[in-house]
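Taking the hints into account, I'd like the entire structure generated from these sequences.
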Amino acid sequence: MAEGSDAARPPETILRDQLVEKARALQPRLREQQASSDKLGHVSDEMHAAFAEAGFYKILTPRMFGGFELEPRVFLEVVMEIARGHPAAAWCFTLAGSHAYFMASHWPEQAQCELFGADGDFRAAHVVGPVGAMTPAEGGWTVSGVWPFASGIPISTHFIGGTLMPTEGGPPRPVFFIVPRDKIEILPDWGEDRFMGMRASGSNSVRIENAFVPAHHIVGQQMMLSHASTSGTAGTELHGNPMYLGVAVGWFHCEFGAIFSGTARAALDEFETIIRERDILGQPGVKRIHDPFVQNLYGLSLGLAESARALTLAAIELYQEQCRRAVRDRQPITAAQTFEVWGLAREACQMACTCVERLFHATGASAGRHDNRLQRYFRDIEMYRLHIQNQPILPTARGRAALGLPPDVLGS
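With the first letter of the sequence shown counted as 1, position 121 gets the number 125 in my numbering; the numbers rise by one all the way through.
If you are wondering where the hints come from, they were derived from the structure by calculation, not from laboratory data.
Worth double-checking, as some hints may not be accurate.
What the hints assert, rightly or not - Derived DEER-like restraints, expressed as beta-carbon distance ranges:
{"hint": "1", "residue 1": "E172", "residue 2": "I392", "range": "28 to 36 Å"}
{"hint": "2", "residue 1": "T234", "residue 2": "E172", "range": "28 to 36 Å"}
{"hint": "3", "residue 1": "G368", "residue 2": "D333", "range": "33 to 41 Å"}
{"hint": "4", "residue 1": "E172", "residue 2": "E241", "range": "25 to 33 Å"}
{"hint": "5", "residue 1": "G143", "residue 2": "G408", "range": "40 to 48 Å"}
Here the structure is a predicted model, which is why all the values come from computation and not from measurement.
Backbone N, C-alpha and C define an ideal beta-carbon position, used for all residues, glycine too.
What follows is the structure in structure tokens.
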């Protein structure tokens with residue numbers, strides 16, 4: 005039997021490679037649709053169907069519901085390839101396609117059976133909030149409000165919202181609830197030129213008016229920074245897989261690391277095309293690829309992109325090992341451990357953004373054209389620079405945790 009042949013490799017490895025290759029093969033079509041998808045405000049129906057046919061939405065879905073139940077790393081590798089074709093399409097796909105994992109980790113068995121349904125198709129935008137209001141109702145609660153920036157909602161089957169649940173005699177309790185698509189209104193406040201970047205991310209606002217949510221479709225928000233229990237989660241018990249501990253903050257930033265390391269490679273692809281086609285200023289017939297300054301810049305930028313990818317994958321491997329160890333040794337995942345994952349992924353994003361910015365600034369005035377791909381990638385990474393994940397609140401919380409103080413954000 006030849007070494008490296010499919011017969012000698014685990015089925016999970018073969019499937020992973022197939023999924024990554026399918027994502028890579030979609031890059032030309034993703035590039036062709038960049039402008040039209042940005043105007044539309046989300047990935048096209050054609051591309052969404054291609055993602056589904058390729059099996060991308062099944063990567064994190066439990067086998068119990070017809071999914072592949074592959075490790076989160078596989079999902080991130082697919083995201084990196086999609087982002088290399090179109091960063092905003094990757095954002096739209098990721099923030100809809102990844103939350104089957106989150107739901108399978110924390111919602112009880114009855115809810116999972118109902119929400120995955122007969123075909124296992126669950127895609128959900130998720131807004132942490134807290135937004136809106138809850139009112140008690142027989143068997144559950146009614147929910148109303150407007151949740152902004154529900155990335156991926158145009159291709160979602162459900163919506164996960166964060167809000168505050170009233171309690172008797174105490175402060176309101178932060179919770180997450182899930183409602184199906186037919187109980188929400190997607191507001192037309194994304195796409196076109198409403199935002200500077202990530203225009204195809206489908207980050208519309210969601211309006212809900214007096215939607216009934218069964219009590220078992222609501223869970224607390226205690227999973228954001230740590231997992232304090234030694235008994236696992238509803239997901240680890242139901243699926244027998246430690247990946248379904250689902251601690252959110254570190255994992256969530258790994259998704260960004262995948263999107264933006266892919267974006268950095270997209271920018272390198274475009275920059276290479278430009279320097280192979282254009283002459284050095286004042287040297288007709290001599291292409292920019294022969295300029296030592298350009299060669300140096302390309303080499304440094306390639307290092308940043310490769311480092312961003314490596315750090316993202318190191319972060320998700322660390323996260324997966326934390327989950328395995330927590331279940332095996334019955335040791336809680338602490339906020340400090342989650343921040344270690346988050347910190348690696350954040351630095352990956354910083355490197356990727358720096359890569360794109362350097363290439364954009366070195367391209368020349370033509371990069372300022374509205375239809376220039378490097379301008380698109382620059383605008384897209386600047387949306388990360390504005391995101392709450394890149395603001396001082398989380399590094400401050402990490403510093404507090406490292407110093408032995410309460411994180412004072414997102415629970416503990």
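Outcome of the hint check:
1. As the Cβ distance of E172 to I392 is approximately 31 Å, the hint placing it in 28 to 36 Å holds.
2. One distance hint, 28 to 36 Å for the beta-carbon pair T234 and E172, holds here, with the actual separation near 29 Å.
3. Between G368 and D333, the C-beta spacing of about 56 Å breaks the proposed range 33 to 41 Å.
4. Distance hint check: the CB atoms of E172 and E241 are about 29 Å apart, consistent with the given range 25 to 33 Å.
5. Judged by the Cβ atoms, the range 40 to 48 Å given for G143 and G408 holds: they are separated by roughly 43 Å.
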